[in-house]
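Protein chains in written order, with my numbering: chain A, 1 to 433; chain B, 434 to 1398.
It is worth saying that the hints were derived from the structure and are not from the lab. Do not take every clue at face value.
To be verified - Some but not every residue of chain B turned toward chain A, in silico, with C-beta under 8 Å:
no. : residue
1   : S490
2   : T492
3   : L518
4   : V593
5   : E666
6   : V739
7   : C1318
Unchecked claim - What the simulated footprint calls covered on chain B by chain A, stretch by stretch (three residues with Cβ under 8 Å from a Cβ of chain A suffice, anywhere in the stretch; the number is not a length):
no. : region
8   : 613-627
9   : 690-697
Glycine included, C-beta positions come from ideal geometry on N, C-alpha and C.
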Amino acid sequence: SYLSTAVGQLSAPQHGDVSLLVQVLICRNYKGDVDMVEIDHFLPLLMQQEEEGLICPVMSHGNVHFLWIKHNNLYLVATTNKNSNASLVYSFLYKLVEVFTEYFKELEEESIQDNFVVVYELLDELMDFGFPQTTDSKILQEYITQEGAKLEVAKSKVPTTVTNAVSWRSEGIKYKKNEVFIDVIESINVLVNANGSVMSSDIVGSIKLKTMLSGMPELRLGLNDRVLFALTGRDKGKTVAMEDVKFHQCVRLSRFESDRTISFIPPDGESELMSYRINTHVKPLIWIESVIEKFSHSRVEIMVKAKGQFKKQSVANNVEVRVPVPSDADSPKFKTSTGHAKYVPEKNLVVWTIKSFPGGKEYLMRAHFGLPSVENDEMEGKPPITVNFEIPYFTVSGIQVRYMKIIEKSGYQALPWVRYITQSGDYQLRTNA
Amino acid sequence: MQEWANQLCENRQFGSKMTDSKYFTTTKKGEIFELKAELNSDKKEKKKEAVKKVIASMTVGKDVSALFPDVVNCMQTDNLELKKLVYLYLMNYAKSQPDMAIMAVNTFVKDCEDPNPLIRALAVRTMGCIRVDKITEYLCEPLRKCLKDEDPYVRKTAAVCVAKLHDINAQLVEDQGFLDTLKDLISDSNPMVVANAVAALSEIAESHPNSNLLDLNPQSINKLLTALNECTEWGQIFILDCLANYTPRDDRESQSICERVTPRLSHANSAVVLSAVKVLMKFMEMLPKDLDYYGTLLKKLAPPLVTLLSAEPELQYVALRNINLIVQKRPEILKHEMKVFFVKYNDPIYVKLEKLDIMIRLASQANIAQVLAELKEYATEVDVDFVRKAVRAIGRCAIKVEQSAERCVSTLLDLIQTKVNYVVQEAIVVIKDIFRKYPNKYESVIATLCENLDSLDEPEARAAMIWIVGEYAERIDNADELLESFLEGFHDESTQVQLQLLTAIVKLFLKKPTETQELVQQVLSLATQDSDNPDLRDRGYIYWRLLSTDPVAAKEVVLAEKPLISEETDLIEPTLLEELICHIGTLASVYHKPPSAFVEGSRGVQHKRLPARAGSGESAESPDTVSTGGVSEAPPAVIPSQGDLLGDLLNLDLTPPTTTGPPPPTSSMQMGAMDLLGGGLDSLLGGDIGGSPAMGASFGAPPAVMPGSFNAPVSGGLSDLFDLGGGVGMPMGAYVPPKTVWLPAMKAKGLEISGTFARRSGVVQMEMTLTNKAMSVMGDFAIQFNRNSFGLAPAGPLQVLTPFTPNQSIEVTLPLNTVGPVMKMEPLNNLQVAVKNNIDVFYFSCQYPISMLFVEDGKMERQVFLATWKDIPNDNESQFQIKDCHLNSDAASNKLQGSNIFTIAKRTVDGQDMLYQSMKLTNGIWILAELKVQAGNPNYTISLKCRAPEVAQSVFQSYEAVLKN
């Protein structure tokens, strides 16, 4: 049994203003086995959990279960009284956010109210009797539009794409110039302990496409994938071992499983073709050493050293080192060897920005804060230092696009363009403070 | 596309004028009236605007049902948008206006024939959502047509409509033959139609658990697997979830399905991945573990499970709850992945707590240093629940990984020094468990713990501290003062603390009787006379009675050695775990509860089970062991939920960590307690009270009110106790012959020994009752065996608690092993024993049932059995009759299995059941048996084949004994 009942979206209550209460913005009861008044129990439950500090994405009241996610100030809530497939429900709720965002740019209270007719139409098309149906927004946009008034009967045929095996690409797409842009983006996740040892590090890569190709092209992507090279017996140059690979619906998974070929008919426009995870231990690209000394009732002194641990020829752009400070700190003073530091009191952070950070270089930042003589007795956590950066023309893993073959029956020539970029992912360094 | 985008931008630029929000603004009094007029307007545009306003009102919860006829009138339109809105209205209000809803039927029927497939589909989709009985009849014909529609969009919508209709009127759907049409759609050429048909059938099948609706067979499975490659991500989930209900015929089919499902592990949608994991975890059960593919599959599962942790937090949560199950079922999959479960500062609390749980499960000697460093880090966070759990986790590590215990204790002491109240309390609770696990090792920290006594305000921490004080009373100088300080507010304490305080003070008294009489009197009277709590009173009375009648026994009971505590906590009971594995990805797997626990009306529904291992050429391993443990891991012991009376008396009521497994041979203590509280009580009164003369002397009998109100309930409690004591050792119902007198007192200068043999959890034991019928105290007991056929020898010394006073009778359990010297005896199962005490050495001989030597892994593989049976020469076969046995073959098989006689196959020929059975002796000798049971005939025939035919007679005797008792 899947999502048995309804998708309701609730607006969040205003801060502390209980009288405003929650208004159910829109809801669609797909099965009729859960009474819609049950949704009234959602918010009290949520508030109770928030008070206890133990929120959970699944809550129940009687035999009704609420599975919810939050987007901006909206709650998207699915209710069920069966043993529903919970992972499907959350996937679907996130898909809803995606579809609505693509339709309305922003998913928020206003956009729902402004477009409630389309929202109803979409909800009908996205799910039937609790079973998710067509959720590809590009395809939906072919027959559900916001220009309902103009929609004449003749025009509103079901695109065959909806039920096709190729459910993500319409027929008859035309471009004057046939091109594919391939972005290979690697995010570095690092967790470093206060004593400087790397607790965990991995690379999450993503290959994004911007496809501007006519017709129904057949594409094949070649990477320097170690397993593939081992299979084919070729051994030229550096290969990369991907720990786990995830593909867009369009990629033929059985083909990949059998001979590691990435073959597909691409969706039109932008899409994420694949993502991969690599476990190999990488040196944190930007290494941070910090000394944070807290002198109770008087001051905090912070010294942060940042070092670029990557090739000299490369440059990290827009580097941001975010250093936590106590919430009651005041009168900041900074000294930096490069870039500039800024105090962001609402986030209890010092943000040290370095526009351009060449590999091998080392920079220093000192900060000084006053502390009130009366101490804040609230316990504060130990948030880590986080770092944001971007290094173009470079992937840490060394993954490369070897080729992108594009074959279309009309026989046009198309050009693939490849771009590489490495950026910070979840990049955390714990501190001693 | 570009055009559309531009329009969208325009839309937004013009702001509210162009948007639907204006429909929400008209909330005046005459609204309904106005709307009515507008709905009946001639102008199309105006009509549509009006319907939009109606829907807007409906959306904000206003009752606009009064407009029903007017809205339905707008239904006949060729404007699709307007039609959709009217349909939406109908779905909402038809139920409240069933009679008027009929008005809509005609339009529906007409729309189902519309040339535009969008309209046909819309009509059939909406009709199914109108839950009005009268309408459903009219729905049948259009639905039938739509199920055969040329457009797949209509067919896929119609497929779902069958499920909708079934929900409203199941009988109708069956009568109309829609289920068959739906089954046909599984072979449809369009993958989306297939997926929806599968989803609809699965949904219907759920409400008819016994109908063979899905009728999965290798052919239909093949169709599904083909569709799997072509349909949308959601369709893939429907199909995978449906596949998970199938049980392959053999390991080959199982493997081939697994091979075709594994590519789904690379799908970007986490829900597809989890459903694939479910199928694989289930079908893997059938694969022989020595198969290469089995290992390959295990390796393939880890990376996608780890990747799920990069999904959105809610999906991470579902994944973590499932990983928790998977780690319990197959720990080998993720044993090297500890690091990915390290908690990030910005993880939501629900993710943090789940990760912590999994970290503890994966902790091992190999990774413990890292884990501890992490846990220490977490313990200084601010989130109270998380910190508490982290502190607990440190304690769990100490218990799980012995090498780390010392480091854990010092980490905990560091944390206690922080003086953060909840950290201190949590630490004390876990230190108590560490003391349990490693007695007499870390008591040096008690002083530090005692310093924090005043800051403990949580019952669990108070109870733990009191337990520690009582347990180590002899080492704490001011134990009496400490405990006394708790007595002042005795009645304000929670039951947990009261019970603990009572036991602790009794312990203290037994250890330091001279100084603490007043204290113990005080607590006994608080617990019995001043308390309304039956548990507390019962325990108080039992202690009182024990102390006043037999302080020695009291000491044995209260200060008994405690069963070891288990390494793992919160392990899910194996059958539930199996069921939950079958529900991976669903709410059941998130709650860790079977669906029957939270879905109404599902109580009668069959619980899902993992398939049994089938196939050939596997190693000799029974399915039971396969289903509970990992490759090499022994099945972990499971913590009992609550209410173990024995444990209660032994004051183990502090929180989970106790084993369920039968307690190690400390059971002599329990037996002692039983006997003491049973018949022999009065005769013991006034006898020699050993130990301290201060004890007992100061005790009067329990208050006069007691006998009336006390005897009855206690004797009830006693029989519970007795049952439990008897049941503890034999979870399988193994046959234990009654005790017989082996050594009469006359022949042994007053020592009488009666006994029997038992096999309890794989250990052969000699269970004896020793009675001192002499005039003096006995002591210095020892036991020795003569060489015997199977090398039986005592596995430890004979422990007889001394002083063993005249007229006393005690139970002694002596565990045996089979590594002693061997000599063939006549009869084969004869055993010669020498027992020594301070008076003399005595000899006797006894016979053990050979079934005590049948080992737990005596289940032979079918194939092996067949080959062996043929291989053993016919001369070695012996045949016996078992007379007057009235069990049917299944009951017989069950009973025999309790004694490790395993049925491998059953065949029925002409009303005669033939059971093929095997058993293995401790020395590795296999015995094969064929047991013939004929209905109505109380005489069984048994043929035994064994390479050592001399065992046959004893085996036959065991059969007879097991079957007839």
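Problem - Per-residue hint verdict: C1318(B), partner chain A, C-beta under 8 Å - result: violated (45 Å)
Problem - Given coverage of the region 690-697 of chain B by chain A, checked by CB-CB distance under 8 Å (3 or more) - result: holds (count 4)
Practice task
Verify the interface restraint on S490(B): the C-beta must sit less than 8 Å from at least one C-beta of chain A.
Solution key: Constraint on S490(B) not satisfied, violated at 11 Å.
Exercise for the section: With chain A as the partner, please determine if E666(B) meets the hint condition of a C-beta pair closer than 8 Å. Expected result: Where the cut-off is 8 Å and the nearest Cβ of chain A is about 6 Å from E666(B), the hint holds.
Exercise for the section: Examine the region 613-627 of chain B: at least three residues should have C-beta closer than 8 Å to a C-beta of chain A. Expected result: Satisfied; 4 residues make the cut.
Exercise for the section: Would you check whether L518(B) satisfies its interface hint, that is, whether its CB is within less than 8 Å of any CB in chain A? Expected result: With a closest approach of 7 Å, the L518(B) hint holds.
Practice task
Using 8 Å as the Cβ threshold, decide whether T492(B) counts as touching chain A.
Solution key: OK, holds: T492(B) within 8 Å of chain A, min 6 Å.
Problem - Interface hint outcome for V593(B) [beta carbon to chain A under 8 Å] - result: Nearest chain A Cβ about 5 Å off; hint holds.
Exercise for the section: For the hint on V739(B), just tell me whether its beta-carbon gets within less than 8 Å of chain A. Expected result: holds (7 Å)
Of the hints listed earlier, those the structure fails to meet are numbers 1 and 7, in rising order.
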